[in-house]
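Line by line, the protein sequences give chains D and S. Going by my numbering, the first sequence runs without a break in its numbering and finishes at 252. Going by my numbering, the second sequence runs without a break in its numbering and finishes at 404.
Honestly, I wouldn't trust all of these hints.
Said to hold, decoys possible - For each label pair, taking beta carbons as the anchor points, the in silico distance ranges come out as:
1. D:R182 - S:R291: 20 to 26 Å
2. D:R160 - S:D380: 41 to 47 Å
3. D:R182 - S:L213: 25 to 31 Å
4. D:S154 - S:A244: 35 to 41 Å
5. S:R298 - D:R160: 30 to 36 Å
6. D:Q24 - S:A381: 26 to 32 Å
7. S:A381 - D:S154: 33 to 39 Å
8. S:Q196 - D:V161: 53 to 59 Å
Hint data in this document are derived by calculation from the structure and do not stem from the laboratory. We treat Cβ as the ideally placed atom computed from N, Cα and C, and that holds for glycine.
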Amino acid sequence: MQPTVLIAEDEPLMRERLLELLAQCWPEARVVLVAENGNDAWDGFLEHEPDVAFLDIRMPGLSGLEVAERIGSMAQVVFVTAYDQYAVDAFDAGAVDYLLKPVQVERLERALARLKAKLAQPPSDGAAMGELLRYLKTALPGMRQERSKWIKASVGRQVRVIDVDEVLFFQSDTRYTRIVLRDYEALVRTPLKDLLGTLDPERFWQIHRATVVNVNAILAAERIDAERMQVLVKGSAEKLAVSRTFVHLFRE
Amino acid sequence: MWRRLTNWYREWDEEYLAVLAQPELAAQAPAGFRRCFAEKMAQMPLVQRQQLLAFSLKYRGARLYWTLAALALVFSVCGVILHFCSESIGWLHAIVLANAIGFPLAAAVVSAWFDYRRIIHDSRKHLLIILGCLLAQTLVVAGVMWASGTPFEALGGRLVSVLKGAAVGMLVVGVPVMIISVMRKRQSEAMNVRLQREAEQAKMARELAESQLRLLRAQIEPHFLFNTLGAVQQLAQQGAPRAAELTGNLIDFLRSSMRDMRSEQVSLAAEFGLVESYLKVMQVRLGERLRFGLQLPRALEQVQLPTMILLTLVENAIKHGIEPALRGGEVTVSAQALEGALRIRVQDGGVGMSTLPEPDGGGGTGLENVRHRLRLVYGDAASLRLHDGDPGLIADVIIPHAQA
Numbered sequence: 001m002q003p004t005v006l007i008a009e010d011e012p013l014m015r016e017r018l019l020e021l022l023a024q025c026w027p028e029a030r031v032v033l034v035a036e037n038g039n040d041a042w043d044g045f046l047e048h049e050p051d052v053a054f055l056d057i058r059m060p061g062l063s064g065l066e067v068a069e070r071i072g073s074m075a076q077v078v079f080v081t082a083y084d085q086y087a088v089d090a091f092d093a094g095a096v097d098y099l100l101k102p103v104q105v106e107r108l109e110r111a112l113a114r115l116k117a118k119l120a121q122p123p124s125d126g127a128a129m130g131e132l133l134r135y136l137k138t139a140l141p142g143m144r145q146e147r148s149k150w151i152k153a154s155v156g157r158q159v160r161v162i163d164v165d166e167v168l169f170f171q172s173d174t175r176y177t178r179i180v181l182r183d184y185e186a187l188v189r190t191p192l193k194d195l196l197g198t199l200d201p202e203r204f205w206q207i208h209r210a211t212v213v214n215v216n217a218i219l220a221a222e223r224i225d226a227e228r229m230q231v232l233v234k235g236s237a238e239k240l241a242v243s244r245t246f247v248h249l250f251r252e
Numbered sequence: 001m002w003r004r005l006t007n008w009y010r011e012w013d014e015e016y017l018a019v020l021a022q023p024e025l026a027a028q029a030p031a032g033f034r035r036c037f038a039e040k041m042a043q044m045p046l047v048q049r050q051q052l053l054a055f056s057l058k059y060r061g062a063r064l065y066w067t068l069a070a071l072a073l074v075f076s077v078c079g080v081i082l083h084f085c086s087e088s089i090g091w092l093h094a095i096v097l098a099n100a101i102g103f104p105l106a107a108a109v110v111s112a113w114f115d116y117r118r119i120i121h122d123s124r125k126h127l128l129i130i131l132g133c134l135l136a137q138t139l140v141v142a143g144v145m146w147a148s149g150t151p152f153e154a155l156g157g158r159l160v161s162v163l164k165g166a167a168v169g170m171l172v173v174g175v176p177v178m179i180i181s182v183m184r185k186r187q188s189e190a191m192n193v194r195l196q197r198e199a200e201q202a203k204m205a206r207e208l209a210e211s212q213l214r215l216l217r218a219q220i221e222p223h224f225l226f227n228t229l230g231a232v233q234q235l236a237q238q239g240a241p242r243a244a245e246l247t248g249n250l251i252d253f254l255r256s257s258m259r260d261m262r263s264e265q266v267s268l269a270a271e272f273g274l275v276e277s278y279l280k281v282m283q284v285r286l287g288e289r290l291r292f293g294l295q296l297p298r299a300l301e302q303v304q305l306p307t308m309i310l311l312t313l314v315e316n317a318i319k320h321g322i323e324p325a326l327r328g329g330e331v332t333v334s335a336q337a338l339e340g341a342l343r344i345r346v347q348d349g350g351v352g353m354s355t356l357p358e359p360d361g362g363g364g365t366g367l368e369n370v371r372h373r374l375r376l377v378y379g380d381a382a383s384l385r386l387h388d389g390d391p392g393l394i395a396d397v398i399i400p401h402a403q404a
């Protein structure tokens with residue numbers, strides 16, 4: 001089977017370099033997506049479900065750490081970073097690998113050797129990864145986006161300021177995002193993938209590539225068949241599909 | 001008896017020296033006179049306390065006895081001279097009198113020398129004590145004389161002469177004590193001023209060195225240098241002519257930074273040059289996400305400003321404004337003469353104020369450094385203000401500037 005790869009890197013030349021080096025050192029891999037920021041990386045990950053993600057740590061939108069946190073054990077993550085040894089010592093203890101920028105061929109080859117060995121094994125439970133991410137977040141400050149409390153959205157000809165706590169769920173509508181509240185719904189011009197980073201992941205669960213639901217608004221999750229589930233929302237008749245990636249959220 | 005006395009003295013002497021060295025030990029002294037004395041010592045200001053400690057250590061043991069003997073000899077000689085000057089006083093009387101005045105005078109001078117603060121501070125109290133002593137002395141003398149049957153009429157004349165003698169004695173002791181106290185106070189104030197000035201100068205020098213060190217650290221930050229070298233490597237591998245251009249800009253930038261590190265003031269033209277090479281480097285790296293413009297009026301080119309300030313603001317605009325913005329933005333750097341002042345503005349169209357990051361772990365944000373440096377150079381006459389640029393952020397530095 002051909003391994004699939006996602007690359008997320010905000011600097012164009014660094015992107016090109018990593019692409020060229022990968023083509024040279026790992027010709028059998030197929031790069032399914034090259035993202036320029038964290039939001040696109042996570043969205044693209046959900047779309048393509050690649051086996052490996054090369055993530056820059058410092059990116060616009062979701063940081064590499066936040067994307068890795070969401071990916072969890074669904075793929076092998078390799079961080080690409082300009083942080084020096086002291087900050088990345090922790091990687092050695094963890095399940096993931098890291099590459100220092102600018103990436104050099106020999107180092108990439110070593111990382112790829114490790115990666116291929118990992119891909120041959122069954123996936124780990126991601127506990128070590130969680131530990132590592134917690135450490136990195138404290139070691140690398142200023143990486144988190146500010147959470148927004150309010151969202152400005154147009155409703156008909158009005159612009160409303162919506163308290164995010166009152167939102168039942170967000171649903172992606174191509175380049176727009178539909179925001180559903182108890183009494184009305186609104187459209188914002190921001191794509192859902194870009195809103196995601198400004199929402200607290202503890203209170204707003206992503207249950208599908210196109211759906212984020214307020215935990216407080218969840219009435220129940222029901223099984224449709226062995227693989228599929230749907231979420232019933234308080235104060236709304238809509239049933240929201242849970243994609244396979246997120247079914248684990250509702251396991252007892 | 002003698003042994004107990006010497007033991008007591010040695011113990012007290014050691015305790016007293018220990019309190020001078022470590023005033024917090026005063027609380028451990030035995031209650032009563034010794035506690036009271038130790039607390040007085042502990043209350044002395046540090047400098048005087050240390051001077052007294054050095055003095056006490058010098059005049060200790062045999063040396064103290066020799067000094068006392070020498071003083072007794074000097075006073076006795078004074079007494080003999082007094083005897084020859086005024087035949088009415090017997091030579092034994094004169095020697096006793098000279099020693100009786102001399103030793104308290106010596107003790108008073110020593111205490112005034114080291115504890116002048118209290119003497120000046122409580123001068124009214126001391127005056128009252130002196131007057132009280134005079135009164136008590138007079139009453140005692142009057143009582144003794146009355147008891148020994150001196151006639152009442154003769155009492156007045158004798159009392160006046162006793163008072164005169166006492167007053168002369170007080171003056172002989174009091175005047176030198178006051179003079180020494182005032183002199184020592186002046187001396188110590190001058191020393192305090194000098195010490196304070198030296199401390200301030202040392203602090204300024206250190207802060208300046210620190211701010212320049214931070215500048216150096218910012219330039220060799222792994223993010224900047226390694227990412228830029230990575231870009232150079234990639235361009236060179238592609239054989240792109242832009243590789244040479246990027247290297248050139250990086251060299252310009254590093255060279256100007258070195259110059260900045262060596263000097264404290266730099267012309268606006270030079271600083272704009274530094275910022276331009278930095279922005280060109282960043283533009284190659286960030287691609288379309290960064291656009292920039294520089295506006296420096298010719299008339300302001302030679303205006304001097306402290307190094308590091310402008311670059312720090314531009315770096316901040318890139319780091320916290322453009323880099324985190326999904327679609328990037330434009331950075332505009334401009335200088336404008338206002339009335340009596342110069343405004344340097346860095347505007348970015350990035351993510352703006354609401355997402356200003358937390359201060360970094362090490363040494364605070366660049367903005368704090370800028371504020372600090374402005375304060376070091378201009379005091380309150382300069383300022384750094386941030387406004388919402390909508391989108392992005394505007395940073396304004398105002399520095400004093402006399403128009404030519």
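Cross-check of the supplied hints:
1. D:R182 - S:R291: 20 to 26 Å: With a Cβ separation near 43 Å, R182 of chain D and R291 of chain S fall outside 20 to 26 Å, so the hint is violated.
2. D:R160 - S:D380: 41 to 47 Å: The hinted range 41 to 47 Å holds for R160 of chain D and D380 of chain S, with Cβ atoms some 45 Å apart.
3. D:R182 - S:L213: 25 to 31 Å: violated (57 Å)
4. D:S154 - S:A244: 35 to 41 Å: The hint (35 to 41 Å, Cβ to Cβ) is violated, given that S154 of chain D and A244 of chain S are roughly 50 Å apart.
5. S:R298 - D:R160: 30 to 36 Å: 50 Å Cβ-Cβ, so the 30 to 36 Å window is violated.
6. D:Q24 - S:A381: 26 to 32 Å: violated (59 Å)
7. S:A381 - D:S154: 33 to 39 Å: violated (48 Å)
8. S:Q196 - D:V161: 53 to 59 Å: Holds - the Cβ-Cβ distance for Q196 of chain S and V161 of chain D, about 55 Å, lies within 53 to 59 Å.
Going down the numbered hints, you'll see the structure goes against 1, 3, 4, 5, 6 and 7, while the others check out.
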